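Colleague: Listed here are the chains, written in short residue letters.
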Amino acid sequence: MNTARLLLKNKKWFMLLIGLLSFLFSVVLFVLLVNINISKIEIHSASKLHNYNIYQITDNLIGEREIEFFKDVKNYDILHDFNNRVFENSKVVFYNAVSQPVGLKQYPPDKKFAAYYEVGSNNDLYEYDGEFYQFSKSMQVTKSVFDYNVVELMEGQPFDDSAYVYIAGKNEIPVILGSDYRQYYKLNDQLELHYYYEKFVGRVVGFAKENSFIFTNLEPQQVLNRYILLPSMSLSEQPSKLLQKTEVDEIFFRALLLSNMGGYLMTNLNALEVRKEVADIEKVTNFTDYQIIGANSLSVNLLYKMVDANQTLIYTISSVVFIFSLCAFYLFVKSFIKRQFDTYLVYIMSGVTNNKIKKTIQLEFSILNGISIGLALLCTVLFMQDITLLSILLISGFLVWLLFHVVVYILVNQLLATTNIIEKLKGD
Amino acid sequence: MIKIISFISLDNIVKAYNEKIILHHINLEIVNNQFISIKGPSGVGKSTLLNILAGLEKADSGKYILDCIEMHAQNLNELSEIRGSRIGYISQYNPMIRNLTVRENIVVPLLLGNYNQKQITAYIDELSACLKINHLLDKKIDKLSGGERQRVGVIRALIKKPILLIADEPTGSLDDDTTILVFHLFKRLSESGTTIVMATHSHLSSQYADKEYRMSPEGIFLNVQTVGDM
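Line by line, the protein sequences are chains F and B. For the first sequence, position 182 matches number 182 in the UniProt record's numbering, and the numbering has no gaps at all. For the second sequence, position 103 matches number 103 in the UniProt record's numbering, and the numbering has no gaps at all.
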């Protein structure tokens, strides 16, 4: 007769149940831990924005006024100068994340990358210069976007400073792709882009982690999974000179200058002060076709409140799950030991020491919990596909194991006290 | 065959619970191969005395020698080892392991050591035939009545062929006919080398026990009208 099989026969379902409970508790705890970590990053990121007054700056060059303005090539230089001075002002941080579809020649078969997929449009394909492109979701971002959001890369490198500057003859732009692109492209792949009516080669320098998001003028949390990130480029010299040096169409510079014009000014200055600051730039550059929209911090505040509420919710859920699971574990183990009490009495009558029984029970649960927590850890890591938190998860897994061990230790010593055993044997 | 001689000596055994003295200077000498019966009112300390004899608990003071072993000098772990190898124990409460069959319950004491399965199977068959539960061996223990379970407990205590059998009310749930079967078996075992100390309320015990003791708050006294003395 197989001793182990015989001894397990009486308790296998209960052990399985406790193992399952331990597994589920650990999985929930690990997932919550991962979320707490994400939430901490989010709140850290949101709090950076939250500390500022935010103003939106935009141009008034609409329709005929735009055409009129750009008729004079000197105005390109004026706008360029204005943009540069705003950008370089030490009292404000210029933050620009513009959602601007870009034409992509080797577009993936999955339509979700198309710029207007979410609104149900089927007109994302177009022909240019005898070749087909697809309007693809793209985001032009200033360097400050990376400073004020946490966009971690699963692969590759962030844009270097030179990426944000357009120099004459430049026809390669570094791009960072959202995580969903990873199945189609790899690092250093060259994408043929149609960007502001010019052809560019987009070299893949990195892939953003899944569910990375940034704050934009339209969305407090714009998820980047399906996006192509392009650096928002300033011009290395005056547009009038660049126009002479290159064959690039002036419309490219116009689009670039206008897209660089609109954005957020994040500052500690109040509304009057920031207007004065920009008015000073206006005086120097002589560019007047702009407006500063009042302190519109609604979406940032919303973001901050959302993330804050999210974190509070996660902490609350974690605490509730933790207490519930601990109580459930306590009750299950107590019930298990009580159910097994007769078995232990038989062992004691047969010459097994009480200490040995206690140690055996503790060992059983240690192994059971160790396996359950280990499996939970493995499942969490595999599911999250993220090993950056492995050390935290390992430590918390060990702490959970230790906590369960303490619960078992207390219960075993409480329930299997010698006096309890003697009383029971006497039939009391 | 060499007979194993067991010898029990209790000298001034005292045991108290929560400052209430249960056993007050108990003295008892039992020679080997005897079937001893102890009677007395409930709460007088019979079970406590049997637990001390079985090495389940220790006396607060006094000396207990079993087969030349100074039991009073051993710790509980050592006493457990001695119990495992030499003592069979039938408790008043008769614990069984649920979900196991009768046969599986009987062999539990053997699971921790090596044993010859063939010999054990034969021995189980022999004992269960004696107590008329051989037809129940492969039944789940939960299906048995109280009396049947009590007989399983008796066989389990004997399965390791102990030199000392401690039996606390082994026939409490049995009718007279079955009680006689158990006492017959005990008598036979004592004749073949097992010393048996039994606490009982059964009026039949005096017909089978070699000596019958009566326990009272004042101590333990030999009842002169026992079979052994006749």
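If you are wondering where the hints come from, they were derived from the structure by calculation, not from laboratory data. A quick note: this is a predicted structure, and the numbers were derived from the prediction, not measured. Errors might be hidden in some of the hints.
[Unchecked claim] Straight-line Cα separation of at most 35 Å, DSBU-like style, residue types lysine-lysine; simulated pairs: (1) B:143 <-> B:118; (2) F:9 <-> F:283; (3) F:358 <-> B:211; (4) F:338 <-> B:143.
[Said to hold, decoys possible] Here are some, though not all, of the chain B residues that point toward chain F, as calculated from beta-carbon distances under 10 Å: (5) 14; (6) 16; (7) 17; (8) 81; (9) 93.
We treat Cβ as the ideally placed atom computed from N, Cα and C, and that holds for glycine.
Colleague: Checking one constraint from the list: CA of residue 358 (chain F) to CA of residue 211 (chain B), max 35 Å. Satisfied?
Modeller: violated (39 Å)
Colleague: For the hint on residue 81 (chain B), just tell me whether its beta-carbon gets within less than 10 Å of chain F.
Modeller: Result: holds, 6 Å to nearest chain F Cβ.
Colleague: Can you verify the interface hint for residue 93 (chain B): is its Cβ closer than 10 Å to any Cβ in chain F?
Modeller: holds (4 Å)
Colleague: Starting from residue 143 (chain B), check that the Cα of residue 118 (chain B) is at most 35 Å away, please.
Modeller: Distance ~26 Å between residue 143 (chain B) and residue 118 (chain B) Cα, so the pair holds.
Colleague: Can the restraint linking residue 9 (chain F) and residue 283 (chain F) be considered satisfied, given a maximum Cα separation of 35 Å?
Modeller: It is violated: about 89 Å lies between the C-alpha atoms, which goes past 35 Å.
Colleague: Going straight from one Cα to the other, do residue 338 (chain F) and residue 143 (chain B) come out at no more than 35 Å?
Modeller: With Cα atoms ~21 Å apart, residue 338 (chain F) and residue 143 (chain B) stay inside 35 Å; holds.
Colleague: Hint check: is the beta carbon of residue 16 (chain B) less than 10 Å from a beta carbon of chain F?
Modeller: With Cβ-Cβ at 13 Å, over 10 Å, it is violated.
Colleague: Under 10 Å is the threshold here; is the Cβ of residue 17 (chain B) close enough to any Cβ of chain F for the hint to stand?
Modeller: holds (8 Å)
Colleague: Mind checking the CB of residue 14 (chain B) against every CB in chain F and telling me if the closest is under 10 Å?
Modeller: violated (17 Å)
In this structure, the earlier hints numbered 2, 3, 5, 6 are contradicted, and the remaining ones agree with it.
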